[in-house]
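Protein chains in written order, with my numbering: chain A, 1 to 292; chain B, 293 to 714.
These aren't lab readings, by the way, just hints derived from the structure by calculation. A few of these clues could be false.
[Claimed, not checked] Where chain B lies over chain A, by a calculated footprint (3+ residues, C-beta under 8 Å):
1. 5-16
2. 70-77
3. 119-126
4. 157-163
5. 207-213
Note that CB positions come from ideal geometry on N, CA and C, so glycine has one too.
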Amino acid sequence: MILQTIVSGLLLGGLYALAGLSFSLVWGVLGIVNMAHGALITLAAYATFFLATQMGLDPFVALPVTMAFMFLVGYATQSTILNRVFKTGLTMSLIVTFGFGLVLTYGMVLLFSADYRGIVLPYGGAALKIGDLIFPAARSAIFVVALLLVGSLSLFLSRTKLGIAIQATALNREAAQLVGINTPHTYAITYGLGAAIAGAAGALAATVYSLYPFMGDPFISRAFAITVLGGMGNVGGTLFAGLLLGLAESVGVYIVGPGYQEAMASGMVILILLLRPTGLFGRQYFAGTKGT
Amino acid sequence: MSKSKLFTLVGLVALALVVLAACAAPTPAAKPTDAPQATAAPTQETLKLGAAISMSGGLVKEGGYLKDGYELWKDKVNAAGGLKIGGKSYKIDIKYYDDKSDAETAVKLVDKLVTEDGIKFILGPMGSGISNATSAAGEKYKVLSLLAMANADSIYQRGFKYTFGILPLASSQARPALELTKAKGAKTVAIVTPDDLWPRTVAEGAQKLAKEIGLEVVYFEAYPKGANDLSTMINQMKAKNPDSVVGTGYINELILMTRQMKELQFNPKVVTFSGATTFPDYVSSLGKDTDGVLGLDWWTPTIKWKGGLFGDATNYAKEFKAKFNYEPGYNMSASSAMGEILGMAMEKAGSLEVEKVREALLQIDTEIFFGKVKFDERGANVKGSSAARQIVDGKFIVVWPQEVKEADAIFPKPNWGQAPAK
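Please model the entire structure based on the sequences and the hints provided.
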């Protein structure tokens with residue numbers, strides 16, 4: 001039973017890691033605490049839903065389409081709105097992304113109504129069984145896809161020119177401009193990438209959760225916790241923190257009871273801030289960009 | 293202020309007064325359907341009832357349902373010649389005020405109904421919250437509060453003498469599902485609820501009822517409202533291997549439980565979700581995965597309760613739809629039923645004195661289209677029961693209480709996503 005709890009927690013943690021990664025990247029590189037994070041997740045979930053129900057696309061097959069769409073949404077948002085304000089400081093970007101999130105969310109309420117919807121997967125009840133342990137098919141697929149995406153992002157940031165440009169911009173905006181990096185473009189790419197990853201999380205979440213315009217909200221507090229734990233912009237740290245949070249929620253609930261589930265994320269943040277204010281991996285701001 | 297402005301203001305005030313007077317004047321004559329009958333029967337008198345209900349604010353929709361329910365009852369009685377009380381015949385007239393969905397306003401309006409309009413029978417407002425306040429005002433004036441839409445247990449635990457409620461208590465909602473479980477020979481039950489007032493009341497009621505009925509409660513848990521993962525709780529439940537699971541709560545939690553119970557291949561013999569047949573999104577978003585699940589409803593047009601003014605539930609629904617052009621739910625039927633029971637008590641008492649009508653209400657033990665009615669000393673309808681409906685191919689079939697079922701329940705429930713065996 002405890003083993004099953006650990007499995008459930010890890011599978012959940014994969015999704016958390018992905019949702020946290022987008023938030024962490026945007027915060028780490030752009031210095032934006034992205035309050036529109038939940039709304040982006042929801043938007044992608046709806047995109048997946050309509051691709052699945054109107055065009056009959058399996059959510060996992062539709063994933064690249066959804067991510068490309070979300071990238072465009074993110075790129076456009078950064079280049080038209082956020083590039084104008086985010087350099088003025090954290091407060092302004094908080095307010096603007098919060099407002100942007102509200103507009104998105106209530107736009108979805110208008111367009112899609114507040115009804116609950118769901119994607120019924122033909123293999124929804126299927127599972128891999130090892131002994132008594134159950135690995136539900138959809139959740140296992142989510143876990144694998146999430147790990148692949150986290151890995152690809154890590155490679156992208158360290159091995160490609162654009163990825164290195166993003167890291168350079170994160171380290172020092174002016175120096176990056178001096179060596180010829182088009183920073184507004186880099187910012188837009190970064191936010192677009194963040195939106196695409198949030199979109200992947202939303203698309204995957206749509207296969208196991210029900211859809212409604214506020215479905216992304218619970219992810220914000222968790223993304224926050226994961227970013228604090230894993231270090232801003234630190235891909236490996238984020239993955240670890242996501243899995244840890246998933247485990248903490250399931251094993252914690254197993255030990256102290258379901259009533260405390262929502263307290264796990266905040267409890268972890270408080271503990272980390274008390275014991276290791278620099279995050280789990282002990283590096284300061286822009287961690288993960290050094291030495292690559 | 294300049295002179296011309298002053299004149300304009302005086303002119304406007306005068307105009308407003310004229311308009312008000314014009315609006316006020318035709319009100320008594322505005323009931324052309326009542327008027328000719330009233331002159332035809334000289335002994336005809338008018339019985340005035342009062343209701344402060346939500347005609348604006350957050351509960352405007354539900355307030356409208358309530359009013360339609362009262363109106364249908366009123367018109368039905370009046371069309372049949374009115375209530376026969378002590379040798380006289382009374383037409384019913386209901387005075388409505390708008391409580392703006394606000395308890396404080398509702399209390400002031402009850403004051404007004406009693407002290408200015410001289411009304412002694414107050415038909416209840418929407419919801420337990422407002423009813424809780426207005427019934428306290430009614431108790432103070434010793435007038436009867438007849439609550440159609442208030443079933444929080446706490447309302448009936450204050451030792452009030454003049455409060456009656458038609459809707460069965462919230463804590464009794466799971467009874468039909470538990471009785472069905474017992475009748476099918478199952479022995480153990482797990483009960484889970486979001487930690488929120490209403491679902492928790494239902495769940496704790498279910499826990500108590502299960503013990504009375506003779507089922508063993510092997511798991512009881514309250515999880516946070518709005519939780520987005522219940523896998524650990526479901527694993528814990530699964531380890532206890534209960535025959536039956538009762539889940540209360542809101543649509544989001546019920547959908548999540550369904551999905552995760554399926555993922556974790558937890559297939560109890562009976563699964564009851566209190567809102568499964570109430571929230572249309574449940575079936576529309578989950579499709580086949582809902583097959584065999586039981587939902588709980590206070591009333592439904594297909595239930596076979598019968599007797600009284602409207603004949604039976606089906607006929608009530610027909611008459612309601614003919615008048616208002618939409619399908620009635622439990623909100624409307626409960627308000628019509630509360631009116632019907634009040635009328636019944638008045639005729640039985642042969643008097644319009646509050647004390648005598650109260651005595652008659654306490655004597656009532658009957659069945660009408662809404663279900664059984666018998667009030668205990670607290671004014672709660674203790675013989676009332678909700679209905680358990682089973683989802684079969686997306687349709688809702690009444691399977692309990694035994695005497696009003698449409699079909700026998702499918703037992704054991706098929707595994708998640710599988711069609712019920714025929």
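Now for the hints, and whether the structure bears them out:
For a cut-off of 8 Å, the count of residues in the segment 5-16 of chain A with a CB near a CB of chain B stands at 4, and the three-residue condition holds. With 0 residues carrying a beta carbon less than 8 Å from a beta carbon of chain B, the segment 70-77 of chain A misses the three-residue requirement, and the given coverage is violated. Residues of the segment 119-126 of chain A with a Cβ under 8 Å from some Cβ of chain B number 3, which satisfies the need for three, so the listed coverage holds. Given as covered by chain B, the segment 157-163 of chain A fails the check, having 0 residues with a CB less than 8 Å from a CB of that chain where 3 are the minimum.
Look at the segment 207-213 of chain A against chain B: 5 of its residues bring a Cβ nearer than 8 Å to a Cβ of that chain, three or more, so the hint holds.
Figure legend: structure checked against the earlier numbered hints; hints not met, in rising order: 2, 4.
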